[in-house]
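Model the full assembly from the supplied sequences, consistent with the hints where possible.
Protein chains in written order, with numbering that gives the first Met the number 0: chain B, 0 to 342; chain A, 0 to 342; chain P, 0 to 342; chain E, 0 to 342; chain F, 0 to 342.
Heads up, a few of these hints could be off.
Remember, identical chains collapse to one label, so a pair may be satisfied in a single copy or spanning two.
The calculated DSSO-like cross-link candidates involving lysine-lysine, where the alpha carbons are at most 30 Å apart (straight line), are [to be verified]:
{"no.": "1", "residue 1": "336", "residue 2": "24"}
{"no.": "2", "residue 1": "336", "residue 2": "6"}
{"no.": "3", "residue 1": "184", "residue 2": "119"}
{"no.": "4", "residue 1": "164", "residue 2": "119"}
Quick caveat, the hints were computed from the structure, so don't treat them as lab data. Note that this is a predicted model, so its numbers are computed, not measured.
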Amino acid sequence: MTINYHKEIMTSHPWTFFLLLFKWKGSIWKAVYMETIIFLIFYGIISVIYKTALGESSQRTFEAVVRYFDKRLSYIPLEFVLGFFVTTVVNRWTKLYQTIGFIDNVGLMANCYIRGATEKARIYRRNIMRYCELVQVLVFRDMSMRTRRRFPTMETIVAAGFMNKHELELYNSYDTKYNSKLGTKYWIPANWALCMTNKARKDGYIESDYFKAQMEAEIRTWRTNIEWVCNYDWVPLPLMYPQLVCLAVNLYFLVSIVARQLVVEKHKIVDEVDVYFPVMTFLQFIFYMGWLKVIDVMLNPFGEDDDDFETNALIDRNITMGLMIADNPMTTPDLRKDPFYDE
Amino acid sequence: MTINYHKEIMTSHPWTFFLLLFKWKGSIWKAVYMETIIFLIFYGIISVIYKTALGESSQRTFEAVVRYFDKRLSYIPLEFVLGFFVTTVVNRWTKLYQTIGFIDNVGLMANCYIRGATEKARIYRRNIMRYCELVQVLVFRDMSMRTRRRFPTMETIVAAGFMNKHELELYNSYDTKYNSKLGTKYWIPANWALCMTNKARKDGYIESDYFKAQMEAEIRTWRTNIEWVCNYDWVPLPLMYPQLVCLAVNLYFLVSIVARQLVVEKHKIVDEVDVYFPVMTFLQFIFYMGWLKVIDVMLNPFGEDDDDFETNALIDRNITMGLMIADNPMTTPDLRKDPFYDE
Amino acid sequence: MTINYHKEIMTSHPWTFFLLLFKWKGSIWKAVYMETIIFLIFYGIISVIYKTALGESSQRTFEAVVRYFDKRLSYIPLEFVLGFFVTTVVNRWTKLYQTIGFIDNVGLMANCYIRGATEKARIYRRNIMRYCELVQVLVFRDMSMRTRRRFPTMETIVAAGFMNKHELELYNSYDTKYNSKLGTKYWIPANWALCMTNKARKDGYIESDYFKAQMEAEIRTWRTNIEWVCNYDWVPLPLMYPQLVCLAVNLYFLVSIVARQLVVEKHKIVDEVDVYFPVMTFLQFIFYMGWLKVIDVMLNPFGEDDDDFETNALIDRNITMGLMIADNPMTTPDLRKDPFYDE
Amino acid sequence: MTINYHKEIMTSHPWTFFLLLFKWKGSIWKAVYMETIIFLIFYGIISVIYKTALGESSQRTFEAVVRYFDKRLSYIPLEFVLGFFVTTVVNRWTKLYQTIGFIDNVGLMANCYIRGATEKARIYRRNIMRYCELVQVLVFRDMSMRTRRRFPTMETIVAAGFMNKHELELYNSYDTKYNSKLGTKYWIPANWALCMTNKARKDGYIESDYFKAQMEAEIRTWRTNIEWVCNYDWVPLPLMYPQLVCLAVNLYFLVSIVARQLVVEKHKIVDEVDVYFPVMTFLQFIFYMGWLKVIDVMLNPFGEDDDDFETNALIDRNITMGLMIADNPMTTPDLRKDPFYDE
Amino acid sequence: MTINYHKEIMTSHPWTFFLLLFKWKGSIWKAVYMETIIFLIFYGIISVIYKTALGESSQRTFEAVVRYFDKRLSYIPLEFVLGFFVTTVVNRWTKLYQTIGFIDNVGLMANCYIRGATEKARIYRRNIMRYCELVQVLVFRDMSMRTRRRFPTMETIVAAGFMNKHELELYNSYDTKYNSKLGTKYWIPANWALCMTNKARKDGYIESDYFKAQMEAEIRTWRTNIEWVCNYDWVPLPLMYPQLVCLAVNLYFLVSIVARQLVVEKHKIVDEVDVYFPVMTFLQFIFYMGWLKVIDVMLNPFGEDDDDFETNALIDRNITMGLMIADNPMTTPDLRKDPFYDE
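Quick look at the structure:
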């Protein structure tokens, strides 16, 4: 479930934004607590070994090693690579969301152009809506684990009512004729929807060729949007880029396990306290690892993270909305004067 | 109320931009003064304890602690995470504003295509405008506290004249038939507006099918824009990202309360003055907390901050403009030669 | 007047870009010279007081104060907040320019669709152009001081020939009926233009309904663009953001007046020269204050800065171009073979 | 082959992103291992010479040289130039991908508008699809080594079935008449597709002029997209920009070979250990060189890197999909009530 | 000539990107070598004066001056202002390229809608293409030195065959009637093209009003794109912004001439070598000056730099392509089955 927090930051009080920190679901805390624990354990082990197990001269050597790494930790500029990459990923995420598909327009246009309260007109409209939604279901099944788990086989789609038996048979019949590896089959229900439009025109439910073309344009827009969800998945950002970012953050903190050890040297003025717990490194770890997690979540929003797109809820919304709209093509209020009307 | 300052920076004088600083409403001062006071109080308490309540050796330890934190404060690069995040938020804010909905085009197109000065033509046009505006009212009620407070119930919408009684009855009748949890009902008035267009065509007020389709396309554009206001609200930026930014700023200044204490060490040359009041930390606090407030305000512009979108004013403007335009379809000046006309 | 320098940087020589520095109009020099002088005067006063008026121990204290501020000046990262904000402002400025309105397309489409060299056809075309331009004039009057000064009253618009007397009367008649506070009246001339198109169709100057719709779409595009100029002005970037940037720069240099004083300490090796004039701080001041001025100029490009949009010149250009185009609908060369034509 | 890793990062576990690091194909490791080895060899040679071959005073001089360079290494801010350039390159890469061409819409629109299950209608549709795909094949041959190697001559295109013999003859006949240097010939198959549409209209397979125009608009969109792939290739980002970035990274590490030598000075307290292997410089090298490689791969995605666009697979997909869609214009399921249908 | 290097970076080898550095044409080397030499000469003069001409105490003072400047050189953050500005400039450059105008679509649409292989149909198509191209020629003459030099007068345009004599006469006749200062005359050939379309419709070469409107829409798109090339030139980025960037880079290196002098102080441990040649400053100079040159080249791409848009080549390409396409409206292959066709 996408975590919605807009209501809570509606008005800016001193504490509004602050309160966001106390959420757990979809939070940065939930995302990084495991990594943080692992990091602290390793840090602790090294620390204990240094303080108890090493001899005097080994300690001196260890301290030199710590200084060596600490001084050079800044070689890897985490803030830059994370800042620029996160911007790229947010742009991609936004574009994905814009093409993810809300069916309302298809429904309203079906109402506009396929007129009539007769049963057949209603079936036409409902079938077109269902076929459109079917495109989304098929694509989401391939992108999202959630939807895949909901519809493990084509039969489950039939069982859920998105498809009729005879439609599935027709759908499957395409397999034998073409190499199904290369081509995808997402276009089939879209083609059905377009054919239905054509039939509706022949049957006189659509009143003019121009209206038919507008209806088809609406279906085309819907399909094109969903195709781009698919295409974006086919060609992700080159693997090297997320690898680079991931590598940088992980290496940084791997080196930090040593570099951030607090070495108290005997021959220097004790101008720092041994705090036993590496407070600031701990905070820094949460900060950078959290930033990496933001990227992780947004890079593929079709997963099962708390903040990923709710594909199943969207499918349910679309089929409900789509059919509801398709059933009410002409229920408009009587034509009366409005309250502001003055003669 | 959105704070408009464009008039004041029209022409760049040495002082124009500077004068912006002396505004209070919607200002950074108003946004951060409370946080600043709290911060300073905590800072002061620690400072007083250090200087008066601690013994000699505790003071030395405290000074070591201060040095420890001060040296590591730069681990969290506030400027980067704020800079990149604010850019993302501004982009989203701009996109939201572009889809928020100004009704003029619907009105002008209604004038173009639904011709006639007769009463019935006027009612058609006015109803279409009102239904379009109703979509906006319904959506804004769910997004904005201000609009919700203005229209707490559907009845208040009727009372305000945006809806007729018989329309509300029809609107409510949809509830019983469908699961209203999943689907939203924003589409209903849009559907009405489309149906009205259809009726107007049947009654001959629209002269051709093509004009009808253009009118419907205009209504579709209006509804789609407002739907995106809704959709952007449904899926905010993943919670982790604002959390991360908020965390960074708050942690930074939490640590600063200790790290920025001025410790005057006896055994060092006094090359710095004890200024008693942490001037620079204070300025830095205002700066970064202000930056965070900019994000806070822009992340959800449908709240009640001084600078949030004025949803109620926009609704008033749209209904006034919409009806005014719809009432003047044909009042065009006589066709005369213009002053520049030469034979 | 917008300063055009493209011609001068056409080809890159070692000196081309360098020569840009010697411009005065619209230059960074002109923008910041006053601030720089004020800054230097304050700096000088402090400097003189420190060197002449203070006693020995006061001097030591002052030097400590200087060191205190100098060390903490980096708390405010000017370069980040300026860099990110300027990018946001440039994007907004570019979008504004893209919607500012060049009338050529309206004119050419009027020629395409309202055919005929008769006087009446010509008047139709000219009136549509004039009404379109009138929208721009009315909007610019509210945005730009320059245009406001040129057209202080509606009568001056009539005097300038953009409006006929009988049109102004009609325009004013709207006032009495509606609350003119909420609604703007920019839509009126656009409505006239649309009505004229309708009349021209009725009179047979437009040959088909489809052409009429295309003509109306062109007028709609024109009006929508100009409306966005208006809308962008209605909701500026939240006041806090420019305030923040302005605050940061001004505070930085306020503190600099003290922090950048050159304190020559007696007990240290003199490894720096007292240059009397703070060269580098002076350069830095010009640099950052100049960056702020870039933002200042671009944030509201409808002012009277050297580099703001030339609204009056644009209005003149549009009315001249628009009428010129409208007068030449059919003057096309005879149909002859072109020089490259081979049989 | 584009490396797809979306499946693996679907859900964020502590290890998901981490596991990305263990990929080889298309990885950063594969991209930089050779450079890294070369860098280390040079570093090693210098190191050995310094420690063994140099006399005492030469060693001192060398150490001074090392210090000289080490201190000044920060003059070149790699992180900035890489961060900003990579953003520019990613934007360009994204735009290229968006215009690369998926044929489904052309196919579905052909089904919509060129109706009929007769053999001739089928041939019309198939030919239009084939001609459209031919545009892509011709353009990709000029952009991508992979496609060029697959289709070294026009004859191989014929052999692969994308073109008929008589079509190739016609295609070649254009050569003699025009200077083929300046013009490209990509437009020819697009022209054929448009002419086919025209013929299909004349033969009555397209039912109205409006449908014909829509079909042509679809072909136009397809061709325009592919033309932009071409245009982007014609005018790359100015050579200087990638040169600058490449120069910066290479110079930085060239200087690093000397500057990062660990010089153990006798007269200083040994507060650092000689680690023999320059761990941190090695990590930094991988990081920055990897960043450069990301740019390298994305700057021209039509090459043969692991992560470049799979032009051949796309061509196969398009021809398969295109013909498959064109063969099923009317196979739509019977009109039946859907499972959700309630009376 | 635009330098194309895409072929050379098709596949990423360790050396591919590296080899880019050895190009001269359009390279960063060619762009900055002159500036670099001048910089080094000044640096050398100062260096020689310091080492030979100054007395002992003058040398001490000079060294103090050097230290003073060196310490404060970081006041001007070149990397930020260059990074943000170059992004803005690249965006503008990309938008310019996207509107620069490739004529293929106009040609193909002319083929679609102005049917017939008769001489007159051909002349219609060719004239429309030529008039469209003429718009581009006229605009490019005003933007680009190259094109201006190619067509110094209107007569040379006639001589080059882009215009007929009688067309020039008509073109010039507009001058007398209107104030030609304010208006541009680029619209005239576009108007001719639109009128030609109208004539072609009257003569029956265009089969329906809808086709005529589509043809006109195509011409409108072409003209609008080219108009934006013009508009972007009319209002450049405010002069202050490039001035600021230029100022920053030049000042930085002006100060560097002194600040980067290597001062070897007698009383300090010689821990740095005098390298005589300022290697790192030299590299830094190339880097930043090169970055500035990238901006210089991209800010006005209509100049004569190696990497500027090749306006003349584009004009030649467009006229050749345009006429070639216009001559082949109906040469489509016979309708035959494709090789993949199975019954």
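Outcome of the hint check:
1. 336 with 24: neither (50 Å within a copy, 42 Å between copies)
2. 336 with 6: neither (37 Å within a copy, 41 Å between copies)
3. 184 with 119: For residue 184 and residue 119, the Cα distance is within 30 Å both inside one copy (28 Å) and across copies (25 Å).
4. 164 with 119: within (20 Å within a copy, 32 Å between copies)
The structure does not agree with the numbered hints 1 and 2 stated previously, though it agrees with the rest.
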